[in-house]
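Q: Here's the letter readout for the chains.
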Amino acid sequence: QQQVKQSPQSLIVQKGGISIINCAYENTAFDYFPWYQQFPGKGPALLIAIRPDVSEKKEGRFTISFNKSAKQFSLHIMDSQPGDSATYFCAASQQTSNYQLIWGAGTKLIIKP
Amino acid sequence: DTAVSQTPKYLVTQMGNDKSIKCEQNLGHDTMYWYKQDSKKFLKIMFSYNNKELIINETVPNRFSPKSPDKAHLNLHINSLELGDSAVYFCASSRFGGRAQYFGPGTRLLVL
Chain A
-2 QQQVKQSPQS LIVQKGGISI INCAYENTAF DYFPWYQQFP GKGPALLIAI
48 RPDVSEKKEG RFTISFNKSA KQFSLHIMDS QPGDSATYFC AASQQTSNYQ
98 LIWGAGTKLI IKP
Chain B
21 DTAVSQTPKY LVTQMGNDKS IKCEQNLGHD TMYWYKQDSK KFLKIMFSYN
71 NKELIINETV PNRFSPKSPD KAHLNLHINS LELGDSAVYF CASSRFGGRA
121 QYFGPGTRLL VL
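For the protein sequence lines, the chains are A and B, in the order given. Quick note on numbering: the first sequence equals residues -2 to 110 in this note's numbering. Quick note on numbering: the second sequence equals residues 21 to 132 in this note's numbering.
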């Protein structure tokens, strides 16, 4: 019940296209859903996050869509650029578990020029 | 100024040795973490300290011992290193309840 399932494992998108990465969870007590971006040789960095009281959050070309009833959330990258090539992780946490992040397995995104 | 720093960046050592990794954060956060990232990029929480108190202790061999001398530092000592310990170890910090975690650059450990 603590798992966060992420798909796909890898994704290749043409420059200018839309990249979509999906995550699903079971624990309805989760109350915070972040996405992290990791470039090779670097640590993960917080990209964007959402709480379950909203269905969508947009920051520049990055959007989180959240479906509480389906227990799913996704990251959309509009106008994908080669500089977006990285590994993306979804995660979830809840206050009652010391805010511990439960991580998805990661998606390696490659944007082809 | 680096927000979360780790030393060393690379660590190559023989099986059976003992090694330490150090982490420091200058963000004023009160919570720090150690993560292990394996070759498949999977991130696994190992430990978390809040105000020098251990609050998360996942199933990790007791050869791994964290130590937090103060809120800004969290070190990881590994005894009797094994081949399977080869991984990238990340330190992170956050404000307790603040949700966003800030990661260091990682320490790449290779056990031969």
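These are computed hints drawn from the structure, not numbers from a lab. Where is the CB? At the ideal position from N, CA and C, for every residue including glycine. Wrong hints could be hidden among the right ones.
[Unchecked claim] Interface residues of chain B toward chain A, partial, derived using beta-carbon atoms under 7 Å:
hint : residue
1    : Arg83
2    : Ala120
3    : Gly124
4    : Gly126
[Claimed, not checked] Away from chain B, derived, C-beta distances all over 12 Å, residues of chain A:
hint : residue
5    : Ser4
6    : Ile15
7    : Arg48
8    : Ser71
9    : Gly103
10   : Lys109
Q: Any Cβ of chain B at or closer than 12 Å to Ile15(A), or is the non-interface label fine?
A: 23 Å, holds
Q: Taking C-beta pairs only, is Ser4(A) more than 12 Å away from all of chain B?
A: 14 Å, holds
Q: Double-check Ala120(B) for me: the hint is only fine if its C-beta lies closer than 7 Å to a C-beta in chain A.
A: Status holds, d = 5 Å.
Q: Verify this label for me: Arg48(A) is non-interface relative to chain B, using a Cβ-Cβ cutoff of 12 Å.
A: Arg48(A) is in fact no farther than 12 Å from some Cβ atom of chain B, at 9 Å.
Q: Examine each Cβ of chain B, and state whether all of them lie more than 12 Å from the Cβ of Lys109(A).
A: Non-interface label on Lys109(A) holds, nearest chain B Cβ at 21 Å vs cutoff 12 Å.
Q: Should the hint that Gly124(B) touches chain A count as held when the rule is a Cβ pair under 7 Å?
A: At 6 Å from the nearest chain A Cβ, Gly124(B) passes the 7 Å test, so the hint holds.
Q: If we take the beta carbon of Gly103(A), is the closest beta carbon in chain B still more than 12 Å away?
A: 5 Å, violated
Q: Can the hint on Arg83(B) be confirmed by a CB-to-CB distance to chain A that is less than 7 Å?
A: Since the shortest Cβ distance to chain A is 22 Å, the answer is violated.
Q: Tell me if the interface restraint on Gly126(B) is satisfied: Cβ within less than 7 Å of some Cβ in chain A.
A: 5 Å, holds
Q: Just want to verify: Ser71(A) was marked as not at the interface with chain B; is every Cβ pair farther apart than 12 Å?
A: Fine: 19 Å to the nearest Cβ keeps Ser71(A) off the interface.
Consistency note: the structure conflicts with the earlier hints numbered 1, 7 and 9.
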